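If you want the building blocks of each chain, they are given just below.
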Amino acid sequence: MKQFGTILKFELKYFFKNKVFVGITIFLVILIAAVMFFPRIMTLVESDEGEIDVSSHRPVMLLKVFDPASGDTVKEIFASSFPDYDVYTTDQEVSEIENGISAGAFDCAFVMTGDKSFTYYVGNLSLYDMNAETATAALARAYQMNAMISGGVSPQDAADIMNVYIESETVSLGKSQLQNFFYTYIMIFALYMVILLYGQMVATNVATEKSSRAMELLITSAKPTSMMFGKVIASCLAGLIQLLAVFGSALLFYNLNKSYWGDNIIIESIFNIPPELLVYMLIFFMLGFLIYAFMFGAVGSTASKLEDINTSVMPITMIFIIGFIVVMTSMSSGEVDNMVMRVCSFIPFTSPMAMFTRIAMSVVPGYEIAISIAILIASTIGIGVLSAKIYRTGVLMYGTTPTIGNIIKAVWKS
Amino acid sequence: MDLELVNIEKSFGEKKVLTGVSFKAKGGKAFGLLGRNGAGKTTSIRILMNVFPANSGEVLIDGRPIDYSKTGIGYLPEERGLYPKKIIIDQLIYFAELKGMTRKAAISAIDYWLSRLGMTEYREKRLDTLSKGNQQKIQLITALAHDPDIVILDEPFSGLDPVNAMLLKDVVKEQISAGKIVLFSSHQMSYIEEFCDSIAILKNGVVAIKGDLHEIKRDYPRDRLVVRTQMPDAVRRDFGSACSETESGSLIIKLTSPDEKKAVMTRLTENYDIDEIKVFEPSLNDIFVEYAGDAPKEA
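Here the protein sequences line up with chains X and Z, keeping their order. Residue 164 in this note's numbering is what sits at position 164 of the first sequence, and the numbering runs on without skipping anything. So the mapping is simple: this note's numbering equals the position in the second sequence, first residue as 1, plus 1000.
Fair warning: there could be bad hints in the mix.
[Claimed, not checked] Capping the alpha-carbon separation at 25 Å, the derived lysine to any residue pairs in SDA-like fashion look like this:
| hint | chain 1 | residue 1 | chain 2 | residue 2 |
| --- | --- | --- | --- | --- |
| 1 | X | K389 | Z | D1067 |
| 2 | X | K2 | Z | V1051 |
| 3 | X | K305 | Z | G1081 |
| 4 | X | K9 | Z | S1108 |
| 5 | X | K223 | Z | P1065 |
| 6 | X | K9 | Z | R1103 |
| 7 | X | K17 | Z | K1085 |
| 8 | X | K17 | Z | K1086 |
| 9 | Z | K1125 | X | L12 |
| 10 | Z | K1086 | X | I26 |
| 11 | X | K2 | Z | I1089 |
| 12 | Z | K1086 | X | F4 |
| 13 | X | K13 | Z | E1121 |
| 14 | Z | K1125 | X | S211 |
| 15 | Z | K1125 | Z | D1161 |
| 16 | X | K19 | Z | I1089 |
| 17 | X | K17 | Z | G1081 |
| 18 | X | K223 | Z | L1060 |
| 19 | X | K389 | Z | N1055 |
| 20 | X | K17 | Z | I1087 |
| 21 | X | K305 | Z | E1079 |
| 22 | X | K19 | Z | Y1122 |
| 23 | X | K389 | Z | Y1068 |
| 24 | X | K13 | Z | I1087 |
| 25 | X | K223 | Z | K1085 |
| 26 | X | K9 | Z | D1128 |
| 27 | X | K223 | Z | F1012 |
| 28 | X | K9 | Z | K1104 |
| 29 | X | K9 | Z | E1124 |
| 30 | X | K13 | Z | I1093 |
| 31 | Z | K1085 | X | F21 |
| 32 | X | K305 | Z | G1013 |
| 33 | X | K19 | Z | G1081 |
| 34 | X | K9 | Z | G1081 |
| 35 | X | K2 | Z | D1067 |
| 36 | X | K17 | Z | I1093 |
| 37 | X | K389 | Z | P1065 |
[Stated by the list, open to error] Just so you have them, the derived chain X footprint on chain Z, three or more residues with Cβ under 8 Å:
| hint | stretch |
| --- | --- |
| 38 | 1068-1080 |
| 39 | 1096-1106 |
Source of the hints: derived by calculation from the structure; they are not laboratory data. None of these values were measured; they are calculated from a predicted model. Just so it is clear, CB atoms sit at the ideal spot from N, CA and C, and this is done for glycine as well.
Okay, chain X solo, but in the shape it has when bound:
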């Protein structure tokens, strides 16, 4: 136990002295600060520029109506449909309008060629130009309104009918995926990044000790179980500390700038994670991290050269990525309780992501959660002990990288 403490301390120190680790953490915190302070900075910049005549920047849209009698209605509807434009009516000829657009006198124009038809004139047609679609809807409204007015409905009533407002309310008895989608997404992604990154680090760390032959001394000084658990738990703590630093600073900076963010639904939902979900996050993060880090460590111990690591860890990475894809696909399809997800939420290698997603985005019976966590804990311990055995056998095998079969045989014999 004392050895475990010594190893844990030594390995943790390695992370905090590692310039890359510290650098990435600081970079992420600064990045988050920049994002979180962005609206505040923008308002500062905008208020400075407040004196400038904003209207001069607004694009100009010309309307050439077909029937001058309904000209005002059409203009009114277009003006409200295109709030970003200054809308003017015109009676210029089409050729004049075309010249005007080419010369940059105004930005675009709609020439009505009938009650129900128009031509859209614009300079460069942007990929995202939706003006024609908006105009279609606007002209349809104008036509309907004119039809009603000519049918004897007063203009006021016609406007009221067209602008009818339906009040609605949705009561979700389970969980609203609209709200929890974003933070689940962020958490799964964080889990994915951290496990892959730190897992690789554990594997490289072990392989470096092996290739530098520091292992010769380590293996005769400490128990393989202490070595393995010390290393893996140290990197787990380092990962957790990094996540805490990043998410903690995000939360802090958000609260500092809360008023500037206004009612941004996405941002608000991200920072309104239910506390019990955070607890689940912590449980699944720790266990998921440990189970993979143990495997990465064991694989690292079998590589005889650092270059071998990338190919050796491939099977583990594959399992992990498949799990990730299943979870992500189910998430975006909205059906997080499908059969594949149900199965995945009990398999220890996928359950950290799958079960967590189900808990976050659906209603999962308590016993299912308990069984999933129990399986995960048992397999984490099992994999931990097994990987320490592989480690003890693997670190002393030099030369060619042993096949999985050889390792299993060697472990079985020992």
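Following the hints, position chain Z against chain X.
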């Protein structure tokens, strides 16, 4: 304190690595564990250090099974290696702590050894900034800092210049006179001869010969004479196939039995101009080649 390996058997998979290996090393004495590459020396050392268990057999300290929590072992592995990118003092403290020392005790022991080996100036340096010989001295500290009862040195002199080799010799002598068990493994026979009272030679996982080095030499059949003469051709003609020549130009005459010694000596001195004549005593090198080599052992 005595260390004893009794009937150690070890296989890796199908391959049998050690067969009935037994030897005994005494405190205050150096013990030489010899053998060619792949003879089973490192495996024996690893079993002794509990890196992996033997299939059968025992490791005893004073007749009782070894208690690793009470018996300190210091090890200088043949494959040298520490953390190349880390500060020397940090990793030395780490290894000493792993051996059960407190941080404070570790620092004072390490500082003693750094100054004893003339390495104090490198205390805060990264290991990979040091020369190979100096790295080896740092590695030696990991084997000695925790004041172990058993010191295992695998090829301790390889890569050291004569001055450093002298320094290491002094350190080894200190360790021996402090009553520790010093276990040597080396291919440099001169060092083994200089330090070790007892040896064991392993061949293909079996102890080919073991015991007190002087006794082994004395028990060696005294049936050969070393002759230095001004008339080598005449002597060679006289003794025919029983006579061979060494690299240094001396002649070796094999006797049909040790009892013949006096008669042959007389015959030589009376008939030829002889500078020197003595009974052939094998060097450790000769013994090693004979017991560990591929050639069939002479009767």
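Status of the hints after comparison with the structure:
1. Our distance criterion of 25 Å between C-alpha atoms is met by K389 (chain X) and D1067 (chain Z), whose separation comes to about 22 Å.
2. With a C-alpha separation of about 18 Å, the suggested pairing of K2 (chain X) with V1051 (chain Z) holds against the 25 Å cut-off.
3. Distance restraint check for K305 (chain X) and G1081 (chain Z): the Cα-Cα separation of roughly 15 Å lies within the 25 Å cut-off, and the hinted pair is therefore satisfied.
4. Between K9 (chain X) and S1108 (chain Z) the alpha-carbon distance is near 20 Å, which keeps this suggested pair within the 25 Å criterion.
5. Annotation: proposed proximity of K223 (chain X) to P1065 (chain Z) holds, straight-line Cα distance about 19 Å (limit 25 Å).
6. In summary, the hint linking K9 (chain X) to R1103 (chain Z) is supported, as the alpha carbons are separated by about 12 Å, within the 25 Å threshold.
7. The suggested pairing of K17 (chain X) with K1085 (chain Z) holds, with an alpha-carbon distance near 12 Å, which does not exceed 25 Å.
8. A distance of roughly 10 Å separates the Cα atoms of K17 (chain X) and K1086 (chain Z); the hinted pair therefore holds under the 25 Å criterion.
9. Distance hint between K1125 (chain Z) and L12 (chain X) is fulfilled; the C-alpha atoms sit about 20 Å from each other, no more than 25 Å.
10. For the suggested pair K1086 (chain Z) and I26 (chain X), the alpha carbons sit about 23 Å apart, so the restraint of at most 25 Å is met.
11. In summary, the hint linking K2 (chain X) to I1089 (chain Z) is supported, as the alpha carbons are separated by about 20 Å, within the 25 Å threshold.
12. A C-alpha spacing of about 20 Å is found between K1086 (chain Z) and F4 (chain X), which places the hinted pair at or below 25 Å, so the restraint holds.
13. Annotation: proposed proximity of K13 (chain X) to E1121 (chain Z) holds, straight-line Cα distance about 24 Å (limit 25 Å).
14. Pair hint K1125 (chain Z) plus S211 (chain X) holds up; C-alpha atoms about 21 Å apart against a cutoff of 25 Å.
15. Using a Cα cut-off of 25 Å, the hinted pair K1125 (chain Z) and D1161 (chain Z) holds, with the two alpha carbons roughly 22 Å apart.
16. Between the alpha carbons of K19 (chain X) and I1089 (chain Z) the distance comes to roughly 20 Å, so the proposed pair stays at or under 25 Å and holds.
17. A hinted pair counts as satisfied when its Cα atoms are at most 25 Å apart, and K17 (chain X) with G1081 (chain Z) qualifies at roughly 21 Å.
18. Proximity of K223 (chain X) to L1060 (chain Z) is assessed by CA-CA distance (about 20 Å); at most 25 Å being required, the pair is judged to hold.
19. Simply put, K389 (chain X) and N1055 (chain Z) have alpha-carbon atoms about 17 Å apart, close enough for the 25 Å limit, and the pair holds.
20. Distance check on the hinted pair: K17 (chain X) and I1087 (chain Z) sit about 11 Å apart at the alpha-carbon level, within 25 Å; holds.
21. Taken as a hint, the K305 (chain X) and E1079 (chain Z) pair is honoured in the structure, with Cα atoms around 15 Å apart against an allowance of 25 Å.
22. A C-alpha spacing of about 23 Å is found between K19 (chain X) and Y1122 (chain Z), which places the hinted pair at or below 25 Å, so the restraint holds.
23. Of the pairs offered as hints, the one joining K389 (chain X) and Y1068 (chain Z) holds, with about 20 Å between alpha carbons and a cut-off of 25 Å not exceeded.
24. As the CA atoms of K13 (chain X) and I1087 (chain Z) are separated by approximately 12 Å, the hinted pair is consistent with the 25 Å bound.
25. Distance hint between K223 (chain X) and K1085 (chain Z) is fulfilled; the C-alpha atoms sit about 23 Å from each other, no more than 25 Å.
26. For the proposed pair K9 (chain X) and D1128 (chain Z), the alpha carbon gap of about 23 Å is at most 25 Å, so the pair holds.
27. Under the criterion of a C-alpha separation no larger than 25 Å, the hint pairing K223 (chain X) with F1012 (chain Z) is consistent with the structure, at around 20 Å.
28. Distance restraint check for K9 (chain X) and K1104 (chain Z): the Cα-Cα separation of roughly 16 Å lies within the 25 Å cut-off, and the hinted pair is therefore satisfied.
29. Pair hint K9 (chain X) plus E1124 (chain Z) holds up; C-alpha atoms about 19 Å apart against a cutoff of 25 Å.
30. As the CA atoms of K13 (chain X) and I1093 (chain Z) are separated by approximately 13 Å, the hinted pair is consistent with the 25 Å bound.
31. Using a Cα cut-off of 25 Å, the hinted pair K1085 (chain Z) and F21 (chain X) holds, with the two alpha carbons roughly 16 Å apart.
32. For the suggested pair K305 (chain X) and G1013 (chain Z), the alpha carbons sit about 23 Å apart, so the restraint of at most 25 Å is met.
33. Among the hinted pairs, K19 (chain X) with G1081 (chain Z) is consistent with the structure: their alpha-carbon atoms are about 23 Å apart, no more than 25 Å.
34. For the given pair, K9 (chain X) sits about 21 Å from G1081 (chain Z) by alpha-carbon distance, which is consistent with the 25 Å threshold.
35. Using a Cα cut-off of 25 Å, the hinted pair K2 (chain X) and D1067 (chain Z) holds, with the two alpha carbons roughly 17 Å apart.
36. With a CA separation close to 17 Å, the supplied pair K17 (chain X) and I1093 (chain Z) stays within the 25 Å bound.
37. The straight-line distance between the Cα atoms of K389 (chain X) and P1065 (chain Z) is roughly 24 Å, inside the 25 Å bound, and the hint therefore holds.
38. Counting residues of the stretch 1068-1080 of chain Z whose CB lies closer than 8 Å to any CB of chain X gives 5, so the stated coverage by that chain holds, three being the minimum.
39. Counting residues of the stretch 1096-1106 of chain Z whose CB falls under 8 Å from any CB of chain X gives 4; the rule of at least 3 is met.
No hint from the list above goes unmet by this structure.
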